[in-house]
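So the protein lines, in turn, are chains X, E and A. According to full-length UniProt numbering, the first sequence is numbered sequentially starting from 1. According to full-length UniProt numbering, the second sequence is numbered sequentially starting from 1. According to full-length UniProt numbering, the third sequence is numbered sequentially starting from 1.
Heads up, a few of these hints could be off.
As the list claims (entries may be wrong) - In silico lysine-lysine, DSS-like type, Cα no more than 25 Å apart, as pairs:
| no. | chain 1 | residue 1 | chain 2 | residue 2 |
| --- | --- | --- | --- | --- |
| 1 | X | 27 | E | 214 |
| 2 | A | 173 | X | 309 |
| 3 | E | 214 | X | 72 |
| 4 | E | 31 | A | 173 |
| 5 | A | 222 | X | 476 |
| 6 | X | 27 | X | 269 |
| 7 | A | 222 | X | 72 |
| 8 | X | 464 | X | 255 |
| 9 | A | 222 | E | 24 |
Said to hold, decoys possible - Selected chain A positions facing chain X (Cβ under 7 Å, derived; list incomplete):
| no. | residue |
| --- | --- |
| 10 | 12 |
| 11 | 14 |
| 12 | 162 |
| 13 | 166 |
| 14 | 168 |
| 15 | 169 |
| 16 | 196 |
| 17 | 208 |
| 18 | 212 |
| 19 | 215 |
| 20 | 218 |
| 21 | 220 |
| 22 | 222 |
| 23 | 223 |
| 24 | 226 |
Simulated from the structure, these hints should not be mistaken for lab results. Ideal Cβ positions, reconstructed from N, Cα and C, are used throughout, including at glycine.
Listed here are the chains, written in short residue letters.
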Amino acid sequence: MVLCSCEQLTYQYPEAEQPALQNIQVKIEEGEFVLLLGASGSGKSTFLRALNGLVPRFYGGTISGNVMFAGKELHTLSQREVVRSLALLNQDPERQILLDTVERELVFAMENIGLPWTEMRSRLAEISHLFGLGDWLHRATYTLSGGEKQRLALASLLTLYPRVVLLDEPTSQLDPVHAEAVLHVLRRLNEEWGLTVLMSEHRVDRCFHLADRILFFDQGRVAYDGSPRGFIQLAADSVPEWQNYLPPITRHFLKPSGGQREHVPITVKEARAQSNTAEQREPAETASTAAQTRAPLLVLEHGTAGYEKGRDVLHQLSYTIGAGERIALLGENGAGKSTLAKVLAGAVPLRQGTLSWEGHAIHANQSLMHGRIGYLSQNPSDYFLYETVEQELTFALGNPGKADWTLAALLDVTGLSLYRDRHPHDLSGGERQRLALGILLAASPELLILDEPTRGLDQRQKDKLNHLLHQLPGVKSTVVITHDVEFALAYANRVTILYQGQIASDGSPDAVFQHSFSFMPQLYKWRRRPETS
Amino acid sequence: MNIGIVLLVALLSLFALILLVAEKARMDEKKLAVVATLGSLAAIVRIPFAVLPSVQPSSFLIMLSGYIFGARAGFLVGAITPLFSNLFLGQGPWTVWQMLAWGLCGASSGLLGKLRKRGAAPLLDRPGRRWLFIVHCTLWGFLYGWIMNLWIYTGMGALANFRTFIGLYVSSLPFDAAHALGNFFFSALFAQNTARILARYHRRLVIARFPAWKGGADGEK
Amino acid sequence: MKSEAERNVWQIAHPAIVVLHLATQLLFAFLWELHPLFLCGQLVLIAVWAKQEGAFAQLRPFFAMTLLFGFAYLCLNTLVLHEGRTYLWKGPILPYLGRLDATVEELSYSLCGVIRLVILLLVSQLFQRLVDHDRFFFLFAEAAPRFVTTALLSIRLVPFLQHEYRRIRETAKLRGLEPQRANGLGQVRYSWLLLRPLLHSALEGAWLTAETLYARGFGSGKRSSYQRMALRPREKTGVLLLLLPFAFALYAKGLGVGQFAFFPLFSWPDPLGDLFGLGCFLLLSIVPIIWFRRGEEM
Numbered sequence: 001m002v003l004c005s006c007e008q009l010t011y012q013y014p015e016a017e018q019p020a021l022q023n024i025q026v027k028i029e030e031g032e033f034v035l036l037l038g039a040s041g042s043g044k045s046t047f048l049r050a051l052n053g054l055v056p057r058f059y060g061g062t063i064s065g066n067v068m069f070a071g072k073e074l075h076t077l078s079q080r081e082v083v084r085s086l087a088l089l090n091q092d093p094e095r096q097i098l099l100d101t102v103e104r105e106l107v108f109a110m111e112n113i114g115l116p117w118t119e120m121r122s123r124l125a126e127i128s129h130l131f132g133l134g135d136w137l138h139r140a141t142y143t144l145s146g147g148e149k150q151r152l153a154l155a156s157l158l159t160l161y162p163r164v165v166l167l168d169e170p171t172s173q174l175d176p177v178h179a180e181a182v183l184h185v186l187r188r189l190n191e192e193w194g195l196t197v198l199m200s201e202h203r204v205d206r207c208f209h210l211a212d213r214i215l216f217f218d219q220g221r222v223a224y225d226g227s228p229r230g231f232i233q234l235a236a237d238s239v240p241e242w243q244n245y246l247p248p249i250t251r252h253f254l255k256p257s258g259g260q261r262e263h264v265p266i267t268v269k270e271a272r273a274q275s276n277t278a279e280q281r282e283p284a285e286t287a288s289t290a291a292q293t294r295a296p297l298l299v300l301e302h303g304t305a306g307y308e309k310g311r312d313v314l315h316q317l318s319y320t321i322g323a324g325e326r327i328a329l330l331g332e333n334g335a336g337k338s339t340l341a342k343v344l345a346g347a348v349p350l351r352q353g354t355l356s357w358e359g360h361a362i363h364a365n366q367s368l369m370h371g372r373i374g375y376l377s378q379n380p381s382d383y384f385l386y387e388t389v390e391q392e393l394t395f396a397l398g399n400p401g402k403a404d405w406t407l408a409a410l411l412d413v414t415g416l417s418l419y420r421d422r423h424p425h426d427l428s429g430g431e432r433q434r435l436a437l438g439i440l441l442a443a444s445p446e447l448l449i450l451d452e453p454t455r456g457l458d459q460r461q462k463d464k465l466n467h468l469l470h471q472l473p474g475v476k477s478t479v480v481i482t483h484d485v486e487f488a489l490a491y492a493n494r495v496t497i498l499y500q501g502q503i504a505s506d507g508s509p510d511a512v513f514q515h516s517f518s519f520m521p522q523l524y525k526w527r528r529r530p531e532t533s
Numbered sequence: 001m002n003i004g005i006v007l008l009v010a011l012l013s014l015f016a017l018i019l020l021v022a023e024k025a026r027m028d029e030k031k032l033a034v035v036a037t038l039g040s041l042a043a044i045v046r047i048p049f050a051v052l053p054s055v056q057p058s059s060f061l062i063m064l065s066g067y068i069f070g071a072r073a074g075f076l077v078g079a080i081t082p083l084f085s086n087l088f089l090g091q092g093p094w095t096v097w098q099m100l101a102w103g104l105c106g107a108s109s110g111l112l113g114k115l116r117k118r119g120a121a122p123l124l125d126r127p128g129r130r131w132l133f134i135v136h137c138t139l140w141g142f143l144y145g146w147i148m149n150l151w152i153y154t155g156m157g158a159l160a161n162f163r164t165f166i167g168l169y170v171s172s173l174p175f176d177a178a179h180a181l182g183n184f185f186f187s188a189l190f191a192q193n194t195a196r197i198l199a200r201y202h203r204r205l206v207i208a209r210f211p212a213w214k215g216g217a218d219g220e221k
Numbered sequence: 001m002k003s004e005a006e007r008n009v010w011q012i013a014h015p016a017i018v019v020l021h022l023a024t025q026l027l028f029a030f031l032w033e034l035h036p037l038f039l040c041g042q043l044v045l046i047a048v049w050a051k052q053e054g055a056f057a058q059l060r061p062f063f064a065m066t067l068l069f070g071f072a073y074l075c076l077n078t079l080v081l082h083e084g085r086t087y088l089w090k091g092p093i094l095p096y097l098g099r100l101d102a103t104v105e106e107l108s109y110s111l112c113g114v115i116r117l118v119i120l121l122l123v124s125q126l127f128q129r130l131v132d133h134d135r136f137f138f139l140f141a142e143a144a145p146r147f148v149t150t151a152l153l154s155i156r157l158v159p160f161l162q163h164e165y166r167r168i169r170e171t172a173k174l175r176g177l178e179p180q181r182a183n184g185l186g187q188v189r190y191s192w193l194l195l196r197p198l199l200h201s202a203l204e205g206a207w208l209t210a211e212t213l214y215a216r217g218f219g220s221g222k223r224s225s226y227q228r229m230a231l232r233p234r235e236k237t238g239v240l241l242l243l244l245p246f247a248f249a250l251y252a253k254g255l256g257v258g259q260f261a262f263f264p265l266f267s268w269p270d271p272l273g274d275l276f277g278l279g280c281f282l283l284l285s286i287v288p289i290i291w292f293r294r295g296e297e298m
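Isolated chain X, as found in the complex (with noise of 0.2 Å):
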């Protein structure tokens, strides 16, 4: 049976120029696994909440047309009948937990709707065992990890019963071990149970076997609606930057020289199904060069440094890096790549061990790093401390620095020319993180360090920030730390991998790609050959 369906839905946010979704007429059959895609703001988001009914009741503006749910219009249900069909998960785990006790937060949504005690306690035992919850229930929220808590908000939303589960790029902050076990729940929740899910998603290389059907979003319109086997089709035939809604190893497939185009395959399985072959497996072309001596910019040598007294999180750590390298840093989380960026950048300091600039040796002054070495933090939002973008990028240059930019150059390097006299918060996610690059590029660093600059970022925008990075005038090399192994693909002409505060794997990325395991993007993963010895 239908159970949501649209109806030339056109919405407008307050205050919009444009409409945030134009004529959507689109109905989900009840058991569905729908995959929504599409480039940031193109609509996937508002279209969710219209589903569940947030727009526009939570947001305001003017909407048109149908919202339907079960045969029944949407805005004559009471929230309560909402919320116990429709759930809405979205990405950020921090702000979805909301009291401090994981058993408080399961029972939170269950006496929302005052369901009787008995009731509670028997719904509470069946999600507690569906996610494994059993050993939680007096921890402290705050104790929790990124994933655990989005785990946790999923769970909780659960307890409802909805027979519908929305979700708004629910994997986008997570790890790969997280996500992994997110994913792994919906796709359950609806093989066994009939759940309808509909997720937006941008790493799809990890959800795209899982779709039923696809939702392809383009600036407010429903562009495609029908199968993945048709979307790959089309994409294929007329509109190629669909493409780059596809996953690594289907993209590759549908490249001139890449193989049989009649089944495409959509997961590493398949492709190698289809060539068992030897000779089709080529070595990859990749980004890396060969390897050469660099001349080396930073060296850490024996570095041991942690946060907490008498806990190291890097042991004796030696690493060094050379002008022109575009390193990726990986590992699992609480390997320390985030510390050793740190400490790279100078905001934790050492305990043991020597850090030294070209040769010169760095002490616990670290007023010298400021002009060398650029640090991009996780969250770009934070250092944003003016009204208007010029307002920030002067500020930025007043600094002391080399005065290498100019205010032009910068707002052109970071295509923010349109947006100067915006306020900083009132800017995108991508957006937002090119203004912090170009504050941080107003110091005219010669390093480069980001932290996760790829989460929540669609394929173009990924894209266009491994360009930028390609060209960054001034800087000699760049590190980023990174979970998306096809980004680092994509980037690096060096990849390390760490572990436990030690060096696992350091190289070019062929060579750490090929003997890897668990850091592997897709196309290595259909290339490799297990180990015969």
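Using the hints provided, position chains E and A relative to the given structure of chain X.
This is chains E and A only, laid out in the frame that chain X set:
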């Protein structure tokens, strides 16, 4: 009986009354989320000033919240602020009095905010409004201390005498003056810029208030 | 929330009961007016109880401050009151306040006031120690659910926002914005400058929090409660036992026990009777406390 007790009971009843009114008023979730956030911030800025007796930027922040988001919001922000540090850092027996004093503080600022024209942005850009706010903050430095003093007054069981009242307030003068001075400095230095930030988010709440349905047979909601 | 092992016997009990115990002690402090003997007796009782519960550990910070304040008030009160006969000092006559003087009677009256202040402080210290604040707070969840939820939201946000602030501070430090000299005003301005991004980030996040509240059905109607606080029979008996000293006090007051006047001169009609009354009263007061504490062994 002790007039101190009478006063305290009266004030507590007032507190309970306002709380229940705020409860029944059904503030929407967006405002409650903002109130909770501002309450946390006010609790956080207290911590580094714990060493200086009476000087706290929290009072200023609470009053600004009330001025911009309204009396009910201001009251709730004030009432929530002492909870974290008092519950977790065990700072003392006067939690309820602080909730009361800060709550009234925030609520009165909300009333001050009503003086502006309907629909105008609640900014402090005009010098007239700014100084009104600064004076209001300074006065509350004293008022706050006087409400807190009632606690001590009851305990000491003074004879119901206006002179003893005066004695009480004279003895707390240095603390209250410090508080008022702190409020003065915070509001003079930071009120304008902070108000602009808070007003931005207030504006978002305002424009989200009235969704419109166009066309269709749906009608108003 | 504390783990089971950390909680003492009082915190496991229903918070309302514990509050009732403490409230009766407050009541007693006022019941006897400012009778020096009874106040001292009660002070000893509470002090011993507090020591037993280990409530003296966190005493110093505000205790000293309040005591200081109390003594300041004591002096001022003495000067301003015009009762008593035994003059220690006669001061000048001020326009509104009259003559400043100090008599022994005034001094001892105010001193008793300080003793009562100490009792109140100790009771509140016991409150900090004996009541499980979490569960106490939940008692009000029925009456004011929106307020309680908002307060809990706020409590949950504090460590998170502190973390955000630290991160913002670190970013600013890496940008080279931190003022080098330990200049007082400069540091304050710098800290406030850093509060701007924190304010923005916190308020932007408030919108997401609100969406989550909506998605979890907050405000959709009448709530139920998962927290269940059982009232054990032992606790009920404890409450009944509280009535003993209370009844005795009323009875004794009716008989004329506990009369003491400060002004115009000290007058204590029945010292021995009062002593006897105090003894009985203290014994009866201890009973419910011991009854409750013995729950630990069960």
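Cross-check of the supplied hints:
1. 27(X) to 214(E): The hint holds at about 22 Å.
2. 173(A) to 309(X): holds (22 Å)
3. 214(E) to 72(X): holds (19 Å)
4. 31(E) to 173(A): Judged against 25 Å, a Cα distance of about 33 Å means the pair is violated.
5. 222(A) to 476(X): violated (62 Å)
6. 27(X) to 269(X): At roughly 31 Å apart (the allowed maximum being 25 Å), residue 269(X) and residue 27(X) break the hint.
7. 222(A) to 72(X): Within the cut-off at roughly 24 Å; holds.
8. 464(X) to 255(X): Holds, at roughly 21 Å.
9. 222(A) to 24(E): holds (12 Å)
10. 12: violated (15 Å)
11. 14: violated (17 Å)
12. 162: With a minimum Cβ separation of about 10 Å from chain X (threshold 7 Å), the hint on residue 162(A) is violated.
13. 166: violated (11 Å)
14. 168: Holds: closest Cβ of chain X sits about 5 Å from residue 168(A), inside 7 Å.
15. 169: Status violated, d = 9 Å.
16. 196: holds (6 Å)
17. 208: Where the cut-off is 7 Å and the nearest Cβ of chain X is about 4 Å from residue 208(A), the hint holds.
18. 212: Hint holds; residue 212(A) Cβ to chain X Cβ min 5 Å, cut 7 Å.
19. 215: Where the cut-off is 7 Å and the nearest Cβ of chain X is about 5 Å from residue 215(A), the hint holds.
20. 218: holds (5 Å)
21. 220: holds (4 Å)
22. 222: holds (5 Å)
23. 223: holds (5 Å)
24. 226: holds (4 Å)
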